[in-house]
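S.K.: Listed here are the chains, written in short residue letters.
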Amino acid sequence: MNNFYAWLGVFLIVVTSTTGDCLLARAMKQVGDLGALRKQSGLGQTILRVLRTPSLMLGIAFMALSFFSLLFALSWGDVSMVGPASASLTFVANAFAAKLFLQEKVDRRRWTAAVFVAAGVFLLAG
Amino acid sequence: MTPVKYFVLLGIAAFGAIGDTLLARGMKTFGSVAPSQIFHLFSAVLNPYVFLGIFFLLAFMSAYLSALSWADLTYVLPATAFGYVFIALIARFFLHEHISPIRWLGIVLITAGVGFVAGGPELSSTKKTSEKETPLTTTGVRP
Chain X
1 MNNFYAWLGV FLIVVTSTTG DCLLARAMKQ VGDLGALRKQ SGLGQTILRV
51 LRTPSLMLGI AFMALSFFSL LFALSWGDVS MVGPASASLT FVANAFAAKL
101 FLQEKVDRRR WTAAVFVAAG VFLLAG
Chain B
1 MTPVKYFVLL GIAAFGAIGD TLLARGMKTF GSVAPSQIFH LFSAVLNPYV
51 FLGIFFLLAF MSAYLSALSW ADLTYVLPAT AFGYVFIALI ARFFLHEHIS
101 PIRWLGIVLI TAGVGFVAGG PELSSTKKTS EKETPLTTTG VRP
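First to last, the protein sequences are chains X and B. The numbers in the numbering used here rise by one with no breaks, and the one at position 87 of the first sequence is 87. The numbers in the numbering used here rise by one with no breaks, and the one at position 117 of the second sequence is 117.
Treat the hints with caution; some may be incorrect.
[What the hints assert, rightly or not] Quick look at which bits of chain B chain X covers, simulated, 3 or more residues with Cβ under 8 Å:
no., region
1, 65–72
2, 79–92
3, 99–108
4, 115–124
No lab work stands behind these hints, which were simulated from the structure alone. Ideal placement from N, C-alpha and C gives every residue a C-beta, glycine not left out.
Turn these sequences into a full structure, and let the hints guide you.
M.R.: Here it is, written out as structure tokens:
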């Protein structure tokens, strides 16, 4: 049962952090290039505009959920399993989500990179 | 891609790695927190390592959001993974820790993955390309 809860935790981490990353990416695309915006309207206005974007706040809320899912998973499973499994699966899930929800053109180059990075993180963190 | 943008990507990897390392170091000296004393976690902020770690993670978040404003998520994420390589290299060359062949293989795979993405365009989505073609005017209104 411990194993089931640990993997449930990993699943929750992957879902919440992928949702959070996609929401942050969407929010920042809505705001536009921060460098150009800062030159145009100053640092204060740029920060205000970022903080006023609703999907950014939602993204941060999902990142917080992901953090608590990590704590939940770590309370049932070993860090040597939970850490690499959740990190590497999140990279692959993000590539799918970016293609589906953000309309990013995930070409062969980016798929290869996602798989290489996921495998590398698994080996390095394991 | 301008040199400044490459620095932002490097900042994501470096600030994230340094922030995580500082938090881990701080929490080790702070000690374990029982679920019944969960509010005790707030006083962990007073630990100098945790305090400094939070500063680095705020810098990481600023660089991450800045990069997401001009690049795809699938372009920026491999850069965050490069932080793992930074931590491993810091452990090897500054803390003189042993790195197993399996971990070296992990470093090679992440570096290759980051190299693949960095060789391509940073922006791909149709939505963004159209935004690029019709930039906002100074009043913030799309013409």
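S.K.: Take the hints in turn and mark each one as holding or not.
M.R.: Okay, the hints, checked on the actual structure:
1. 65–72: It holds: at least three residues are needed, and the region 65–72 of chain B offers 6 whose Cβ sits within less than 8 Å of chain X.
2. 79–92: holds (count 4)
3. 99–108: With 6 residues in contact (Cβ-Cβ under 8 Å with chain X), the coverage given for the region 99–108 of chain B holds.
4. 115–124: holds (count 5)
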